[in-house]
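*Asks:* In order, the protein sequence lines correspond to chains U and R. Numbered per this note's numbering, the first sequence finishes at 720, counting up by one with no gaps. Numbered per this note's numbering, the second sequence finishes at 720, counting up by one with no gaps.
Rather than coming from a laboratory, the hints here were simulated on the basis of the structure. From a predicted model like this one, the values you see are computed outputs, not experimental measurements. Don't take every hint at face value.
A pair counts as met if it fits within one copy or between any two copies, since identical chains are not told apart.
[Unchecked claim] List time: in silico EDC-like cross-link candidates among lysine to aspartate or glutamate, alpha-carbon distance up to 20 Å: (1) LYS287 x ASP178; (2) LYS287 x GLU179; (3) LYS287 x ASP415; (4) LYS496 x ASP409; (5) LYS496 x ASP439; (6) LYS287 x ASP192; (7) LYS496 x GLU253.
Number of protein chains: 2
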Amino acid sequence: MHPEALPRTDDLRPVTEWSSLSRGLWRATLGQMADEVRYTDLAAEPPRWATLAALPEVPFPFADGDVRVGLTPDHKVVIRLPLGPDEKVYGLGLQLDGLLRSGQVLTLNMDHWGTGGGRTHAPVPFYVSSRAYGVFLNTARFTKVYCGVGNRLGSPANPEPVDRNPPADEPQPGPWLALPPGDAVEAQVNAAGLEVVVIGGVTMLDVVCRYNLYCGGGALPPLWGLGFWHRVHAEFDADQTTREVAEFAARGFPLDVIGLEPGWMSKSYPCTYEWQRKRFADPAALASDLLAQGVRLNLWVNPYLSPASRIHAEMTPWAGSHLVWLGLVPDYTLGTPRRLLAEHFRREHVDLGVSGYKIDEVDGYDCWLWPDHATFPSGTPGETMRQTYGMLLQRLLYQDLFRAADRRTYGNVRASNGAASAYPFVIYSDAYDHREYLTGLSAASLCGVLWTPEARSAGSDREWLNRMQTVCFSPLAMLNAWASGEKPWSYASVADAVREVIELRMRLLPYLYSAFAAYCFHGVPPIRAMILEDAASGGACRRAGRLDGQANPYGLGSLVEATDQFMFGPSVLVAPFYGSQATARQVRLPAGVWYDFYSGTRVGSAETIQVDANDLGNRIPLFVRGGALVPMLAAPVANTRAACGADLEIRVYGGREGAFDLYEDDGSTFAYQQGAFRYRHLRVVDGVLSESVSAGAGPALFGAAVARVMG
Amino acid sequence: MHPEALPRTDDLRPVTEWSSLSRGLWRATLGQMADEVRYTDLAAEPPRWATLAALPEVPFPFADGDVRVGLTPDHKVVIRLPLGPDEKVYGLGLQLDGLLRSGQVLTLNMDHWGTGGGRTHAPVPFYVSSRAYGVFLNTARFTKVYCGVGNRLGSPANPEPVDRNPPADEPQPGPWLALPPGDAVEAQVNAAGLEVVVIGGVTMLDVVCRYNLYCGGGALPPLWGLGFWHRVHAEFDADQTTREVAEFAARGFPLDVIGLEPGWMSKSYPCTYEWQRKRFADPAALASDLLAQGVRLNLWVNPYLSPASRIHAEMTPWAGSHLVWLGLVPDYTLGTPRRLLAEHFRREHVDLGVSGYKIDEVDGYDCWLWPDHATFPSGTPGETMRQTYGMLLQRLLYQDLFRAADRRTYGNVRASNGAASAYPFVIYSDAYDHREYLTGLSAASLCGVLWTPEARSAGSDREWLNRMQTVCFSPLAMLNAWASGEKPWSYASVADAVREVIELRMRLLPYLYSAFAAYCFHGVPPIRAMILEDAASGGACRRAGRLDGQANPYGLGSLVEATDQFMFGPSVLVAPFYGSQATARQVRLPAGVWYDFYSGTRVGSAETIQVDANDLGNRIPLFVRGGALVPMLAAPVANTRAACGADLEIRVYGGREGAFDLYEDDGSTFAYQQGAFRYRHLRVVDGVLSESVSAGAGPALFGAAVARVMG
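Next comes chain U alone, as it looks inside the complex (with noise of 0.2 Å):
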């Protein structure tokens, strides 16, 4: 069938249309791109070009040709980009098996979690060199990468072959390798254009800062979203929320927000989005009665609209090829569908005060959602609407809903993917390994995705303990009691010491709410992988010139790759107990010297060493980088809203010096984006705070604060 053909002639051309959009962006457009969409077509925000023109200049990571892109007989773009002999590529999306893709080939395919191959719930399509610079593949489709993998017939950097089976007296050059190393990334786009994206940067760090402020920059969550929430049982009623609420006050745990799980629904799994009356007679008089509590609700929904919603007749229309759990699934790339769905939102839950959502099954297994040839009104493709669906309701509840009415909101969605960053929607997973869990805090930090390792349930009061230590240190503190029923306090050993660690979390807010500032305006994530942060220490990773073929110039030894520990905020380092390391377990502090958070005694500098959690008073392992300033509130508060205006305490890390610049704002509308926002610029010297405030126009926060110099 196939006519004897010519000799193989290399089907790649160098890219030539790069096109420089700001200080180390560059862009190139490949192929027919006219009929595809674009993640950041659907980002949140626009980019923050300001920002970018003012970080400094990088040349461009690839010597000229050097990245080539073709076009294969079956109308999918391929393109390669060269890799030095010891560089390594991070991130790939929030694998939950690791950082480091080198030597893998990934399917980035959104999916209901995954560990390996590259399906989960935001398989973002960027990666991060350790050579200091990121790449961007720009196109919502199936994105197979094959990272360092494969080797081109006559390639200039392929090793010599190595017998597998020589006799003993036959020297080999050396040893079999079951994967020799490659010499590219090379990916393979399901369409027929690409979007690519070249983001250089001084650290690695710079690089994901870079990417995203080209995607909009950070969320900034309103103060309240960084509280401690709480989801009932899903068929609990508004009689058993209410108690559930008052029994948080009377144990003396903070609560900001409770979650209503399906039930609160008229039907569910597919999705009315309409009140229960039998559970919630008046679901009005219930939110505000919570909020003057201090306490919001969030409620849970997915997207599969059920035919006894009031809106579905006229969904119907606007509604895909395929049906799931026998509901429509509304195609919201299109005005009509999504103000319909927002307004129905609007209507029966935002004007009562709800506070915002829980977006579940935007995920999902192949043989849940639709399948890949499904059709959509807009034509848009079955994959493409698949990769991006959890995008496009995140896009609907923010800026038609909450954008719109000016209150910022705060919630979870399972799925996420490229130019993300600006969206206040942290992703969650029916996945519960403690140790991927901890993995995913590191993973989305390199891909522009929040993660929360929410608590459930446990087999033991230790591991109820460790996973609540855990998730109080993520962007978003949550007990999901949708399916156990379990309270804080459940686990009777460990109630005081969950109700420390939530406490702690509270005292935290100033800190943590500075961190998320910088996210937004600067695109550094508030919880960061530790790669990150050697990269910001300036000890590795910084970009000394043009890829030449040196081995390691840039000091990659010193990289600290553990994905069981990780930043919290610009100087904690969050290291909790986890599975089989529940009361003990080692900490790799990287360069510069490091103090316990507790007490602010030295523990050591670019070394690993041994925590024990007796030794902690059960509390969670946190280490504070010396010259930090760590601002709290100077006592524990029962929900954000006490927060406002209370006293700080402002520590001192390794001395009696430091620097902070605190964030404030009116903590939950959109002011902040007209420039409503203000820094106070706290510094200690020897011992002693002063403070100065930015120009600008925002307003107060929090109260007044004391240096207290730690150790």
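Following the hints, position chain R against chain U.
*Replies:* Positioned in the frame of chain U, the structure of chain R alone reads:
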């Protein structure tokens, strides 16, 4: 980016292209097929049209217009084939996790074994319906199949939605289902064209037979291929190999084929295909010396060509864009490279007497083989090459080497696909779960491939015995000691029992060879899933008419779906001990009356029985259908050479009557393809055997026969 669009219209149209090929065979060519490879293009032999034409006529299984097709905007073909409410779908390749595919989504993508998801050594796009028809998607592309998964908007078959969390007093139409039953198989083929072949039948087995006949019939191994095989350790030399063969004889273990592993080659991974002279100074002498003892040589290869090979320079222009283990990937769709390799193999091996090959590494993880976007000189896409590379190698060896030399071959391959039934290669795997290995025997029978549950090593004597017993009732009875160095007698306490089962395998050669003849000429799988047996027995799955929406019209309830037992030849049911059921297990007997193979006593009918290893003297549980004859050698033989002309014992089960058509030919050449075979019509009446011989030019193979009434 998407303009407001008109409401979606259904983009699928009825398939009207059906052409009738033969009895129960309809083909439609959909979309653009000019550049696509069909699996049937790569079949070993042409369809057995004459045999097909003699089968009963059956009606087309779908109502007019019920099969629909469409082309996605991204150039993929979608096909939709309706399912009845109680219809079940089985097959879709050599899946090691079961047979039933209803409710699953499978990605049929060649891979290095897999349990779940569809990636496997033989991702054959052929399914069999419980309503006794099959569908073969005859295009060598990645294919995603949704089996009764998904509900199209507007389908009258959609169930009514159910509230997942109703209040206690709200009645629901039924239980909430995570997977509401779908009413179709929908498949997306990664190509602009698709050839679909619908196969009717009287029973499910009949459907499978017609599929195999369309694909050229089944493989007919040489008689020696059905003897016992032993593969030596990878680093064995000629002396070690010779001593190993001698030890088989000394210990009284039958042996027909000795397999050499990679160390026989001057370089492997990538390969030269040239002898490692330090280990094999005179391979011709070794081969003829072994053959004089009745033992044949089989050589391990993988298809990736080392730069150290003499044919490397000449092959380079014919290689794909990417290397595997730094070796060339020749484009064996083309004549020149095919001739080049065949000539090299002939000169280096076949002319010396080598009997066949084990083709390794043609399945491959994504990270081991070429990327999907790799290019090849013929223009064959990388994914098509991935789906078919194992078949291309089988074709080269079978057609260009062995059939050309008029010598039958038998060997191993690690990847096959659609339309491969006539290739005399048996699939094996690096997987090693005994339960999965048993499932493989059933799964292979539904998709026209052969599978060996090879023994390699064991954690206990009992496990060793169980594995050796299983493999002796498979298409290829092999100990593969390439890594372990084990011998059949390595587990001392079971060495005699292992010898006994190998001897039983040898004694069953006449029975098994006839079963393979039925595979070759009539498409009947020699080892079969129980669901096919039930169909064959006539109790279930008879096709009663057109699809009519009636519930369960075919008595599906009587189907035995067990995958840890299987049929061996026409009448023997094999239920090995395995895993946690190492010495006791249940056996599900289909309709008919069943007898213990060893004693001839009645064990049951259409019921589940318990068997215990002690009761069987540690022999493998074997059961024979009442009325069957089992022709065996009267005594064990050391190898198949000794079987030729040997006397036969014809066992009679369940009475004193029976009939069996015993197939005979020369056992080694292709003369049977020209009619040089015969059948001995054995008939037992009141315990007395008579026989007549079919007209034909066939030679005698076995000796004189006497009946032995069992029980």
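*Asks:* Given identical chains, is LYS287 near ASP415, meaning Cα to Cα at most 20 Å, within a copy, between copies, both, or neither?
*Replies:* neither (32 Å within a copy, 81 Å between copies)
*Asks:* Give the relationship of LYS287 and GLU179 under a CA distance limit of 20 Å: within one copy only, between copies only, both, or neither.
*Replies:* Between copies only: 10 Å across, 81 Å inside.
*Asks:* I want to check one pair: LYS287 and ASP192. Are their C-alpha atoms no more than 20 Å apart within a copy, between two copies, both, or neither?
*Replies:* Neither. Shortest intra-copy (63 Å) and inter-copy (35 Å) distances fail the 20 Å Cα cut-off.
*Asks:* With 20 Å as the alpha-carbon cut-off, assign the pair LYS496 and ASP409 to within, between, both or neither.
*Replies:* neither (34 Å within a copy, 72 Å between copies)
*Asks:* Check LYS287 against ASP178 for me: Cα-Cα at most 20 Å, and say if that holds within a copy, between copies, both or neither.
*Replies:* between (83 Å within a copy, 9 Å between copies)
*Asks:* Quick one: LYS496 to GLU253, C-alpha cut-off 20 Å, is that within a copy, between copies, both, or neither?
*Replies:* For LYS496 and GLU253, only the intra-copy Cα distance (9 Å) is at most 20 Å; the inter-copy one is 68 Å.
*Asks:* Indicate which option fits the pair LYS496, ASP439 if close means a Cα-Cα distance not exceeding 20 Å: within, between, both or neither.
*Replies:* Classified as within: same-chain Cα gap 19 Å, cross-chain 47 Å, threshold 20 Å.
Taken one by one, the earlier hints fail for this structure at numbers 3, 4 and 6, listed in ascending order.
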